[in-house]
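**Q** Sequence:
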Amino acid sequence: MIAFLLLIVLGVLGQVAYGWGMHESCQSIEQPLKNAMTVAFQRATEAKAEIRKIPRDKHVDALVKVVFGSDDAKAADAAQRLEAIQWLDIFSTSRPTAYNVILYCSTDRITDYIGRDPENKGKKIGYEDPDRNARVKGGALMDDCRSENHNGDASTRALTINLGSKKDKDGKDQRERIADTIQLCPWYLRKLAGPPPSYDTPDELVKKAADVKAKNLLAKFNAKLNHETATPIDSLAGFEHVLLHEMTHSAIAGYSDDTPAGKCYGWKHSVKCQKSENADSLAYFALAVELVLHRGYTVNKDGTLQKLADKK
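Take any residue in the sequence shown, note its place counting from 1, add 5, and you have its number in our numbering.
Some hints could be false.
Said to hold, decoys possible - Simulated crosslink set (DSS-like; lysine-lysine; CA at most 30 Å straight-line):
(1) Lys306 x Lys79
(2) Lys142 x Lys128
(3) Lys273 x Lys63
As the list claims (entries may be wrong) - Between beta-carbon pairs, the in silico distance windows are:
(4) Lys70 x Gly199: 36 to 42 Å
(5) Ser33 x Gly74: 50 to 56 Å
(6) Ser75 x Ser99: 28 to 34 Å
(7) Ala81 x His299: 20 to 26 Å
(8) Gly301 x Pro60: 35 to 41 Å
(9) Lys63 x Pro135: 50 to 56 Å
(10) Gly74 x Thr43: 26 to 32 Å
(11) Ala78 x Ala314: 52 to 58 Å
(12) Ala78 x Thr206: 32 to 38 Å
(13) Ala78 x Pro135: 40 to 46 Å
(14) Ala54 x Asp117: 28 to 34 Å
Read the hints as simulated data drawn from the structure, not as lab findings.
Because the structure is a prediction, the values reported are computed rather than measured.
We put the CB at the ideal spot given by N, CA and C, even for glycine.
Given only the sequences and the hints, what does the whole structure look like? Please build it.
**A** Given below as C-alpha cells:
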C-alpha cells in the first residue's frame, strides 16, 4: 500500500506521468477516438475484475478456460496486464513521457530510412519518425500501414512502436523517458469513416452467420483474417478492440506480444494459442466479457455467439 501511495504522489509531482495523448493528426476524429478509448479502458477494467471475482460468473469462467486454458497462472497474468492498462486511462494534452502512449492518425511524418554504411548504402532498411526522433530497422508493418491501397489488401490496422523498450547507449532503460507510439493506419481510419458493416449487433450477426454472403462480408471486413479463419465474434472486433489490442503492447502492460510470430491473430487462433501474453487474446477476452455482462451473449470456442437464457 505504501508503494502504491508513493506511486500516486510521484504522479502528482510529475516525476511519473501516466496517461495517453493524441498527435495533432488525430484532431479531426478527436471525440470518436476518445469515445473508443473509453470503451477500451472499460473493457480492460471489467475483464480484469471478472477474472478475479470469487466466485466467477460461470460464463466468464468458461471464457477464461477457452481463451487462456485451465492454468490459473495464465488467468492471473492476463488480469495483471489488463489492470496495468488502467494507469493509462487519463487523457493528457501535454506530451506523454513515462510509460505513456501517444496516438498518431497520419503517417505523413514517416520517411524511408536509407542505409549509410558500406553494406547497405543507398538501400531502404527501415523508416524514420522525426517527430519521435527515431529510426527503426525493418518496418514491414509500417509499410503496410502506410499503404494507399483502397482494395482491402492492406491488413495492418494499427501498430505499436516501443521506442523505450531498448536500452540507450549507456545501457539504461529508456521507458521512463520515451512514450510508446500507437500508429493508427490511415486506410483503416478511412474505412471506419465509411458505411458500417452489414451487421453491428450480436442479434443481427447470429441471424446472418449461416448466410454465405454474410460470411464473405465478414471475412472481407476483418483484416488479417480470411474466410477460413474468420468467425462471427471477429466481426464485432472493431475500433475499440484494435485500441485495446495496441495498448496491451505498451510498456506499462508488460509488452504483450503477437505471439508466436504473429500466428495468434483472431479468435480462432487466439483460443488455439491460449497465451495470456498474446495481445489479441487479451482484447478478445475483454470483448467476450462485455458481451456476457451487457449484451446477454457468450462466445463459443468456435467463435459463434450464443444467447444466454440467464442474462438480459
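**Q** Take the hints in turn and mark each one as holding or not.
**A** Tested hints:
no.: 1; hint: Lys306 x Lys79; result: 18 Å, holds
no.: 2; hint: Lys142 x Lys128; result: 12 Å, holds
no.: 3; hint: Lys273 x Lys63; result: 21 Å, holds
no.: 4; hint: Lys70 x Gly199: 36 to 42 Å; result: 38 Å, holds
no.: 5; hint: Ser33 x Gly74: 50 to 56 Å; result: 42 Å, violated
no.: 6; hint: Ser75 x Ser99: 28 to 34 Å; result: 44 Å, violated
no.: 7; hint: Ala81 x His299: 20 to 26 Å; result: 24 Å, holds
no.: 8; hint: Gly301 x Pro60: 35 to 41 Å; result: 20 Å, violated
no.: 9; hint: Lys63 x Pro135: 50 to 56 Å; result: 53 Å, holds
no.: 10; hint: Gly74 x Thr43: 26 to 32 Å; result: 30 Å, holds
no.: 11; hint: Ala78 x Ala314: 52 to 58 Å; result: 33 Å, violated
no.: 12; hint: Ala78 x Thr206: 32 to 38 Å; result: 36 Å, holds
no.: 13; hint: Ala78 x Pro135: 40 to 46 Å; result: 43 Å, holds
no.: 14; hint: Ala54 x Asp117: 28 to 34 Å; result: 45 Å, violated
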